[in-house]
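Work out the full structure, taking the sequences as your base and the hints as a guide.
Residue-level listing of the chains:
Protein chains: 2
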Amino acid sequence: MRTLIAGIRQLVTPRGRGPVGGEKMNSLFVQDGVDILVEDGRIVRIAVGIPTRGIDNTIDAAGMIAMPGFVDPHTHAVFAGTREDEFLARVRGVRYDGGGILETMRAVRAASEETLAANARAHVRRMLAWGTTTVEIKSGYGLDVENEVKLLLALRRVRRNVPTRIVATFLGAHAFPPAMRRDDYISMIITEMIPTVRRRRLAQFCDVFCDEGFYTIAETRAILRAARGAGLRIKIHADELAPSGGAELAAELSATSADHLLCTSERGMRLMQAAGVVPVLLPGTAFTLHTEYAPARRMIALGLPVAIGTDFNPGTCLIYAMPIVIGLAVMRMGMTVEEAITAATLNAAAALELADEIGSIEEGKAADIILLDVDNYRQIPYFFGHNPVRAVICGGKTVYRAR
Amino acid sequence: MRTLIAGIRQLVTPRGRGPVGGEKMNSLFVQDGVDILVEDGRIVRIAVGIPTRGIDNTIDAAGMIAMPGFVDPHTHAVFAGTREDEFLARVRGVRYDGGGILETMRAVRAASEETLAANARAHVRRMLAWGTTTVEIKSGYGLDVENEVKLLLALRRVRRNVPTRIVATFLGAHAFPPAMRRDDYISMIITEMIPTVRRRRLAQFCDVFCDEGFYTIAETRAILRAARGAGLRIKIHADELAPSGGAELAAELSATSADHLLCTSERGMRLMQAAGVVPVLLPGTAFTLHTEYAPARRMIALGLPVAIGTDFNPGTCLIYAMPIVIGLAVMRMGMTVEEAITAATLNAAAALELADEIGSIEEGKAADIILLDVDNYRQIPYFFGHNPVRAVICGGKTVYRAR
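Chains C and D, in that order, give the protein sequences.
Numbering of the first sequence is given in our numbering, commencing with residue 1 and proceeding in unit increments.
Numbering of the second sequence is given in our numbering, commencing with residue 1 and proceeding in unit increments.
Please keep in mind that the hints were generated in silico from the structure rather than gathered at the bench.
Hints are supplied without guarantee of correctness; some may be wrong.
Some chain D residues flagged as far from chain C (calculated, every beta-carbon gap over 10 Å) [to be verified]:
1. Asp85
2. Leu153
3. Tyr185
4. Arg267
5. Ala274
6. Asp375
Just some of the chain C residues that point at chain D, by a computed CB distance under 10 Å [stated by the list, open to error]:
7. Trp130
8. Gly284
9. Thr288
10. Pro314
11. Pro323
12. Phe383
13. Phe384
14. Thr398
15. Val399
16. Ala402
Bear in mind the structure is a predicted one, so any value in this text is a computation, not a measurement.
Positions of the beta carbon are idealized from the N, C-alpha and C atoms, including for glycine.
Structure, rendered in structure tokens:
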């Protein structure tokens, strides 16, 4: 199957097979008037004027900007129930302490796998309309073996029903379930959940909410060592609520990513940089909770390959849209548009260990491409809230078209 | 022509034929399972189980929430050129001083009436997809007789080509054109522009940018008195950049609305309340410029009928979406969802002297109605950035459907 994406007004993409850090984040490859040849879902040629002979299918991209599909490297998009009451209470001044996770846990335990899959599918489809072609989704609202497995099985169902690439993360250590001793739950994670996740191949990553009031450094270390031993890649919810040493631990364990990082120390940032940990920043959550933002500029100055994501979840951020996250990264974290695009594509792919496969438009990578109707890519944050996505291509097939 | 909007899951609307102020803003009329009967574009009956006999057309609203179409009472949506470079420079720390208006003026003077109309039409259509069925649009980027008239004639063209109700405002006093004496320009506004606007029926309102660095109180008074004498209703850009007495002047002149009001004094608010001036708050601009927000809570405490709008313009706010403005009103100005919805519909209609015609779903009013796919109206700010609009009905006709 040979597909030609024809007549692209301007191609805009970072380049590389791994994360790019520091000032390299600021340089995008830009080329006018190109076509992209796709064979069996993979980009095989990018050039001006590719002949149409032997082409099975042509996608008209006339007048459009082509960019790599967005990669959203951090969401909690499989759940039941909504928490607008908590959201509105917080606006009136009630502080976020993560307690709402247990409310969602109760709704998830009461929901069927089918319902959870249908909910997640609806969220993933809305994300697709905003250009997200790969999304990471965490469990973490089950908090016992049966319900964590149910969430991850729901994700498996979703994967069969959407064109989006879904990366599953096991986050049993998201909170502590009620009526259970803390150590007993951690022991359950290590001796029952992680082996089950491994045996049934339910997730690619294991993550822990390491923070004040959640999992301690020692607990996080124990869980993630077990996960690594079971062949899972690891991530850490680090330093969101307090400077609790999460970044340092991510470096110690060579985690793939450390996420949130609002309160991270200079030492933590330097250690992450040395250890090759991708910092995943989630400005939508800082926006929603009205807190300080993560120190993106300092991280880039230290050479770190910053990634950005939505953190879509029912408590602290209901933003589906990577273009809005790019807007917040530019307007509130002081990132350049070029850095924000790199963070939302190639570096986000690296935060999922997928930078050799997606995250840029280059020969050999999967043809996950979005077509945008802005005049130039610098308008993405400027038209804040506008969805610039006209069409979404996954593996060379058009899977979404705006009306 | 009799149309039935059938099977509405929940009707949500403010009620009244004029603005509602203070605590009345917080109470919406909510009814489950109703139908709406429309005759010749007007709502004639709202009830449970309206018989389908004699109906020419049925709009299926099953499962949807019905609300009045949003009224955006303050935009500058007719212009040429974009200013993303200025936007990005401001993010890097360059302060907004309104100077970019002249950049847009140059682009507008170089553009044809057709181009300006095409640009505005595109903006109005995007707004329609976010549920805006009535929009106020100001001139103000021409700054001479020929080009101000061209902008208003472009709006007349747009009005013929979109289902949206467009209210035109003459804002010749938006800035001072280069190479012209200040007094000469004001004299041109009063003796040439306003009479032309009147004679050719180009606008319903006259507005002045009354602020530090722009028009003084005395200049604003002179222009608006002339406008009133010519039969135009009046509005004031008041106290955006500094406490410059705009609110007090709006009260003195019984302006229909005073807009922005970030720096308004307690006295100004009390005078507006006594004089029946509608305060139009524009949180998207405060968000974009990262300034303080207008004191909405204080205004509501004083009984003022707060309205909200986008301020869509090429310099300081490119937000099309009233749902995003509602989100900002709730998250950043401390308004309740109910107050924000009232502000975006009935009070916004009052800011355009249209509260007897639109702004609520009530018998006798125009059938400008939007159908939303949220579970309940409290989710509008919660799903920040999501477009909840599934269908838009103007005058009883479906004019937009989401895919």
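Here is what the structure says about each hint:
no., hint, in the structure
1, Asp85, "violated, 8 Å"
2, Leu153, "holds, 25 Å"
3, Tyr185, "holds, 30 Å"
4, Arg267, "holds, 28 Å"
5, Ala274, "holds, 29 Å"
6, Asp375, "violated, 7 Å"
7, Trp130, "holds, 9 Å"
8, Gly284, "holds, 8 Å"
9, Thr288, "holds, 7 Å"
10, Pro314, "holds, 9 Å"
11, Pro323, "holds, 9 Å"
12, Phe383, "holds, 5 Å"
13, Phe384, "holds, 6 Å"
14, Thr398, "violated, 13 Å"
15, Val399, "violated, 13 Å"
16, Ala402, "holds, 7 Å"
In summary, the numbered hints that this structure violates are 1, 6, 14, 15.
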